[in-house]
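**Q** The sequence shown runs contiguously to residue 445 in the numbering used here.
The reader is advised that the hints may include incorrect statements.
[Unchecked claim] Cut-off 30 Å, straight-line C-alpha distance, at most; resulting in silico cross-link-like pairs (DSS-like, lysine-lysine): (1) Lys108 x Lys52; (2) Lys332 x Lys46; (3) Lys223 x Lys48; (4) Lys381 x Lys223; (5) Lys279 x Lys332; (6) Lys332 x Lys285; (7) Lys184 x Lys108; (8) Lys108 x Lys136; (9) Lys46 x Lys184; (10) Lys381 x Lys332; (11) Lys46 x Lys223; (12) Lys279 x Lys48; (13) Lys136 x Lys381; (14) Lys223 x Lys108; (15) Lys381 x Lys127; (16) Lys108 x Lys127.
These aren't lab readings, by the way, just hints derived from the structure by calculation. Quantities reported herein were computed from a predicted structural model and do not represent experimental measurements.
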Amino acid sequence: MQQILEAISSGTAPTEDFAALEVPESYRAATVHQDEVDLFEGLDAKEKDPRKSLHVDRVPVPELGPGEALVAVMASAINYNTVWTSIFEPMPTFAFLERYGRLSPLAKRHDLPYHIVGSDLSGVVLKTGLGVHTWKPGDEVVAHCLSVELEGPDGHNDTMMDPEQRIWGFETNFGGLAEIALVKSNQLMPKAAHLTWEEAASPGLVNSTAYRQLVSRNGAGMKQGDNILIWGASGGLGGFATQYALNGGAVPVCVVSSEEKAEICRRMGAELIINRSEKDYRFWKDEQTADPTEWRRFGSDIRELTGGEDVDIVFEHPGRETFGASVYAARKGGTIVTCASTTGYLHEYDNRYLWMNLKRIIGSHFANYRESWEANRLIAKGMIHPTLSRSYPLDEVGQAALDVHHNLHQGKVGVLCLAPESGLGVRDEDTRARHLDAINAFRGV
């Protein structure tokens with residue numbers, strides 16, 4: 001592994017040198033264990049501690065199959081799917097791995113009593129399997145997390161519709177929170193040369209998700225001048241939604257939970273901000289009873305900011321806590337687009353506000369290949385920027401996941417895998433200098 005790291009650190013090693021490197025027999029990876037799925041039995045979700053369930057183990061390097069690549073992972077990042085995996089909610093992910101393992105002898109590799117997690121990476125290609133022609137050893141890459149088989153017709157118009165669509169590192173094994181990762185070669189995209197390893201790793205999942213959810217015709221189809229309500233606007237997902245709104249000529253209405261997070265939105269260029277902690281919205285009278293009077297107060301606060309206009313699009317991901325308010329707040333004919341349910345999956349809303357006002361609810365899940373590539377292209381061009389706030393070493397991956405689980409973070413939390421320290425991997429200093437303030441917006445510097 002040291003030889004691999006030295007070749008990467010040189011920044012000049014040719015393809016031949018990387019191709020000649022021996023891939024080690026084992027590597028260190030963040031895992032959850034199948035025999036611990038009852039570890040948190042009886043506890044509420046917030047009481048479940050990822051530091052107890054996420055282990056850094058030495059695991060064997062998986063067999064490399066056709067159309068695949070082994071990547072030396074310099075850095076990765078925490079997403080909510082890693083948090084869910086670590087607390088075994090809404091179900092242990094080993095059911096996903098078992099189901100995938102039944103698909104083919106090659107897929108059977110993924111059905112193991114441990115699950116290597118992580119759906120982001122930046123790093124360097126080490127080896128490629130048969131049939132891979134676009135990528136070669138030594139290429140500096142990032143990976144999106146869409147894994148598909150494309151053996152049936154359904155996914156060929158939109159790869160997210162493939163019946164065997166999975167999220168790598170969540171519904172498959174050999175994820176990115178590790179020193180080596182196994183990916184399908186069509187997951188690979190060029191690393192932005194002006195970013196560090198940890199910065200480049202952090203956009204992957206959330207950037208592509210926000211692009212499809214907000215910009216793509218498969219999502220809300222944002223246009224210039226739209227008012228867009230963005231929940232968690234300084235978070236890993238909302239931070240990209242805010243950037244896409246601003247970059248596309250729309251008007252973000254940013255909902256945050258503190259003045260510190262409001263300041264991050266201002267650094268991105270947003271002006272219309274609601275601090276929900278100050279407003280103390282109580283959308284639920286109790287666990288079973290919503291309070292429409294609070295929805296109306298929320299809608300009034302939005303109109304006060306927008307000059308009397310309701311929002312055209314609601315960028316939804318909290319789920320149960322906010323969904324009723326989101327449906328209410330959208331304008332007549334407006335769109336609520338949802339990609340997650342971090343506060344609960346069973347949503348409740350008053351359907352009169354939906355059907356009588358011709359509103360739409362759109363479900364959006366990650367992004368297809370084209371959308372992922374376009375989102376990454378905008379990162380490389382310096383038009384959209386990482387939202388990284390801090391990074392942990394791989395040995396502290398449990399703490400990194402706990403930060404996200406308890407919403408103690410801003411933007412994205414990175415994890416250094418092979419990278420010995422932060423700040424490495426920049427190849428284009430001139431471009432970086434032009435965008436440094438935006439790159440550092442979530443770091444508070």
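**Q** Each hint: holds or not?
**A** Hints, one by one, checked against the model:
{"no.": "1", "hint": "Lys108 x Lys52", "verdict": "holds (28 Å)"}
{"no.": "2", "hint": "Lys332 x Lys46", "verdict": "violated (36 Å)"}
{"no.": "3", "hint": "Lys223 x Lys48", "verdict": "violated (41 Å)"}
{"no.": "4", "hint": "Lys381 x Lys223", "verdict": "holds (21 Å)"}
{"no.": "5", "hint": "Lys279 x Lys332", "verdict": "holds (25 Å)"}
{"no.": "6", "hint": "Lys332 x Lys285", "verdict": "holds (26 Å)"}
{"no.": "7", "hint": "Lys184 x Lys108", "verdict": "holds (15 Å)"}
{"no.": "8", "hint": "Lys108 x Lys136", "verdict": "holds (26 Å)"}
{"no.": "9", "hint": "Lys46 x Lys184", "verdict": "violated (34 Å)"}
{"no.": "10", "hint": "Lys381 x Lys332", "verdict": "violated (36 Å)"}
{"no.": "11", "hint": "Lys46 x Lys223", "verdict": "violated (38 Å)"}
{"no.": "12", "hint": "Lys279 x Lys48", "verdict": "holds (29 Å)"}
{"no.": "13", "hint": "Lys136 x Lys381", "verdict": "holds (23 Å)"}
{"no.": "14", "hint": "Lys223 x Lys108", "verdict": "violated (44 Å)"}
{"no.": "15", "hint": "Lys381 x Lys127", "verdict": "holds (28 Å)"}
{"no.": "16", "hint": "Lys108 x Lys127", "verdict": "holds (21 Å)"}
When the structure is compared with the earlier hints, violations turn up for hints 2, 3, 9, 10, 11, 14 and for no others.
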